[in-house]
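Student: Residue-level listing of the chains:
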Amino acid sequence: MGISKIIEVPLALELPVGPQHPALHEPVLLKAYADGEEIVKVEINTGYNHRGIEKLCEKNSFYRDIFIVARVCGICNLVHADCYVRAVEHILGMEISNRAKYLRVLAMELERLHSHMLINAVMAENIGFENLFMNIMLDREKIMKAKEILTGNRVLSDYVMVGGVRRDIDGVKKEKIKDIVLKTEERIKYYKKVFEEDTTILKRLVDVGKVSASDVVKHSLVGPVARASGVKIDSRSSDKYDAYGEIPFNVITRSEGDSWARMMVRWDEALESIKIALHILDHLPSDANPVPDEKKLPRKIPAGEAYTRVEAQRGELTYYVMSDGKLPNPYRVKIRTPSFNNIISSGFMYVGYTIADLPVILTSLDPCISCMERVTIVDIDKNVSYRLPFKELAKGI
Amino acid sequence: MITLSSTKEETRKTCKIIRYSPWLVHFNTGACNGCDIEVLASITPLYDPERFGVKLAPSIRHGDILVVTGAVTKKSGERLRRLYDQMPNPKFVVAVGACAVDGGVFYKSYSVEGGADKAVPVAMYIPGCPPRPEAILDGIVKLLKKLETGDEKNE
Amino acid sequence: MRKPKLLKLAFENLVSKPATIQYPYEPTVIEPDFRGRHYADLNKCTGCSLCSIECPADTIKMTPIPQDYEVPKSNPRKIYPLINYGRCVFCYRCITVCPFNAYVSTNEYRLADPAKNDSSELSLSTLKKIVKEG
Amino acid sequence: MSSRLDFLSSFTIETLVVKPGRKTYVVKPEDLRSVFSKMIEVLGDSSFYVSTIIGTDLKDEGRIRLDYYVVILPEEETIVLRTFIPRDNPSIDSLIDLIPGVLPGECETHDLLGVVFKGNPFLKRGFFVPSDIVEQGKYPLRKDSGV
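Order-wise, the sequence lines are chains A, B, C and D. Going by full-length UniProt numbering, 397 is the number at position 397 of the first sequence; the sequence numbering is gapless. Going by full-length UniProt numbering, 65 is the number at position 65 of the second sequence; the sequence numbering is gapless. Going by full-length UniProt numbering, 2 is the number at position 2 of the third sequence; the sequence numbering is gapless. Going by full-length UniProt numbering, 10 is the number at position 10 of the fourth sequence; the sequence numbering is gapless.
Hints may contain errors.
Just the calculated beta-carbon pair ranges, DEER-fashion [said to hold, decoys possible]:
{"#": "1", "chain 1": "A", "residue 1": "SER255", "chain 2": "B", "residue 2": "SER21", "range": "43 to 51 Å"}
{"#": "2", "chain 1": "A", "residue 1": "ASP35", "chain 2": "B", "residue 2": "HIS62", "range": "29 to 37 Å"}
{"#": "3", "chain 1": "C", "residue 1": "ASP113", "chain 2": "B", "residue 2": "ASN89", "range": "57 to 65 Å"}
If the Cβ cut is set under 8 Å, some of the chain C residues that face chain B in the computed set are [said to hold, decoys possible]:
{"#": "4", "residue": "TYR23"}
{"#": "5", "residue": "GLY47"}
{"#": "6", "residue": "CYS48"}
{"#": "7", "residue": "ALA57"}
{"#": "8", "residue": "TYR85"}
{"#": "9", "residue": "ALA112"}
Just so you know, the hints here were simulated from the structure itself, not pulled from any lab data. Glycine is no exception: its CB is placed at the ideal position from the N, C-alpha and C atoms.
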């Protein structure tokens with residue numbers, strides 16, 4: 001019996017970064033197959049965070065969905081609620097007052113600020129810079145206080161309602177938020193300087209997880225991940241929703257395309273958000289009462305469909321809401337979150353880097369697993385010499 | 001297996017071990033990570049839980065209190081049970097947030113078991129969506145105080 | 001030689017006030033309109049159960065008022081909203097949608113409890129107990 | 001911008017608008033692949049990206065509707081390519097080799113709605129839908145799934 005097949009069996013280490021892991025704050029299982037130190041293949045295995053939100057949205061009425069949809073992701077909850085509410089307003093053909101638009105943009109920019117500070121703090125923690133993590137989180141508490149003053153709750157702000165916002169802002173609150181934002185501005189400038197000069201950060205982040213512009217577009221990566229590779233996409237400047245048409249701001253892009261560039265794009269965007277917030281606090285129009293009377297909102301939603309885009313902290317977030325006019329529930333709600341594209345097709349980014357770079361690259365994509373939890377991913381080996389780990393050999397080819 | 005409601009004397013003796021330095025292990029069973037960033041914020045120097053000896057344990061084997069956030073999805077429910085069995089005795093579970101206490105807004109969904117008490121025995125519930133960092137610390141301090149008095153009823 | 005900047009920072013931190021708030025002994029500043037514990041004031045509540053329909057987490061159950069309480073005439077069906085704080089997400093939808101503004105909201109946030117509690121004793125405290133004669 | 005897209009008119013059956021102002025082209029499912037390969041040819045493969053694939057189960061019409069939302073890059077304009085496929089055994093050919101970015105959308109539509117994308121080797125059932133739903137062979141987003 002001749003030898004039919006020779007199987008070259010290298011010792012490929014299969015490293016499960018399990019659903020419970022000090023570095024990961026959310027349940028995702030990264031199975032990294034590494035040959036020695038170099039990562040050969042990453043199998044991203046999810047399913048731990050799937051809560052069936054789209055089916056749940058079909059079972060609840062339009063107004064109850066605002067609060068379910070806001071709980072898709074804790075860090076970007078206001079952006080989800082705002083995008084969903086604008087979709088319902090397009091179906092209803094309802095116009096909202098200018099003041100409500102400005103207040104929505106102010107709340108979203110405060111949320112972008114604290115989200116960018118959080119992901120930079122988690123990146124500092126993952127590369128072992130514990131002290132910087134503690135300092136950034138300390139300053140982030142001030143932004144949470146500003147958000148609590150504006151919307152009434154620190155994280156999940158339930159601030160948006162069909163037809164406007166749920167709380168108005170008076171002079172005292174405006175002053176409090178203003179000096180909090182001004183104090184945070186110099187702190188962020190200081191942290192940006194630390195990220196530019198500190199040798200440990202530069203060694204760990206520069207030239208790690210490099211992505212070219214054409215790869216970004218082919219894999220439809222969005223948000224700071226795309227802008228760090230020179231692709232200029234930003235829903236705020238293209239869709240000009242809410243009050244972004246009247247507020248001067250510029251889209252930040254860099255060209256290096258590695259993890260360090262992604263972090264610097266986030267710091268620059270944080271400074272940009274501060275400029276927007278200060279501009280809003282100075283030019284807040286007072287044309288009408290932004291708080292709609294929730295007792296008189298229409299019960300019956302006419303048939304129709306709407307597709308709205310919004311620039312969440314991690315990229316372009318889109319909502320598709322369709323109502324068939326008969327039921328008070330939506331017929332179909334489709335949520336496509338930025339992490340859905342960024343994490344799932346990012347298997348190709350890890351190939352060629354060492355195991356120590358795995359958490360760095362994953363954190364530089366700003367993973368929001370609770371956003372991403374829609375689908376399963378399977379191993380993507382991109383033109384890599386296929387090596388047979390023991391486990392798959394046992395399963396039989 | 002010594003749990004809360006075995007003999008009162010035993011509970012008080014064993015709980016004296018962890019009363020001064022309870023180490024937390026945080027497991028997110030399908031949460032919207034609102035509660036996770038609040039747990040993270042409560043570890044930072046502003047609230048400084050190290051005054052009570054509270055610290056994030058590096059691995060589950062060193063943990064005393066398992067902080068569960070999130071509506072337990074069916075798939076991460078098995079991982080929660082396995083994690084609970086891996087913890088050394090005496091062990092307690094704190095359910096943080098409306099989703100972990102009773103399922104929150106997702107309790108009717110098809111892929112959610114709803115509430116941590118359907119998978120593991122829970123010692124302390126901290127409602128709120130998300131509870132403030134002070135509320136989380138307040139819950140843990142209440143659990144520690146309850147351990148001293150040892151007047152434990154529920155399993 | 002970039003090192004002295006670190007020394008300056010270290011010295012700054014040495015003299016600056018500690019950033020920690022001694023939480024249980026020194027209360028942290030809570031905004032007056034923070035969304036905390038809330039319960040129904042049964043003098044105004046008419047038992048229309050609109051709040052339990054609108055609650056996104058279905059935590060409000062309309063339960064009958066026990067016998068030994070004086071029920072105002074405006075509540076014919078003698079039922080009141082019972083909020084199960086375990087599942088409540090504190091979105092204040094019930095407060096904004098209640099046609100009679102019958103909800104009392106506080107910014108109380110320390111709700112940790114070994115058992116899942118609800119708003120029964122708070123709501124019933126708004127009613128007068130019937131004094132048993134003899 | 002519309003001048004570059006008039007090659008679409010040869011494929012479209014009808015055009016409509018999804019609020020607010022997204023031009024929609026209804027195409028037949030068989031020539032979806034040729035539409036995208038022509039788009040790569042005309043626009044170049046790094047000047048548009050597929051933002052999302054939305055599958056909707058139209059139970060009373062007995063059809064499943066698939067919308068491909070494509071963002072044209074320099075001006076970031078969103079256009080929609082809409083196809084209808086029969087509901088009983090829905091299958092359409094995959095675009096995974098032309099555009100790697102459709103992988104998440106196709107995997108999700110397969111796992112939630114049961115649409116088979118011919119040629120996509122990565123379709124797996126039941127990694128994120130809990131295992132008891134998979135055994136019952138149900139697709140959660142179908143209207144009659146009774147989940």
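Student: Now look at each hint and say whether the structure bears it out.
Tutor: Now the hints, each set against the structure:
| no. | hint | result |
| --- | --- | --- |
| 1 | SER255/A - SER21/B: 43 to 51 Å | 49 Å, holds |
| 2 | ASP35/A - HIS62/B: 29 to 37 Å | 32 Å, holds |
| 3 | ASP113/C - ASN89/B: 57 to 65 Å | 24 Å, violated |
| 4 | TYR23 | 5 Å, holds |
| 5 | GLY47 | 24 Å, violated |
| 6 | CYS48 | 23 Å, violated |
| 7 | ALA57 | 5 Å, holds |
| 8 | TYR85 | 5 Å, holds |
| 9 | ALA112 | 3 Å, holds |
Hint check: violations occur at hints 3, 5 and 6; the rest are consistent with the structure.
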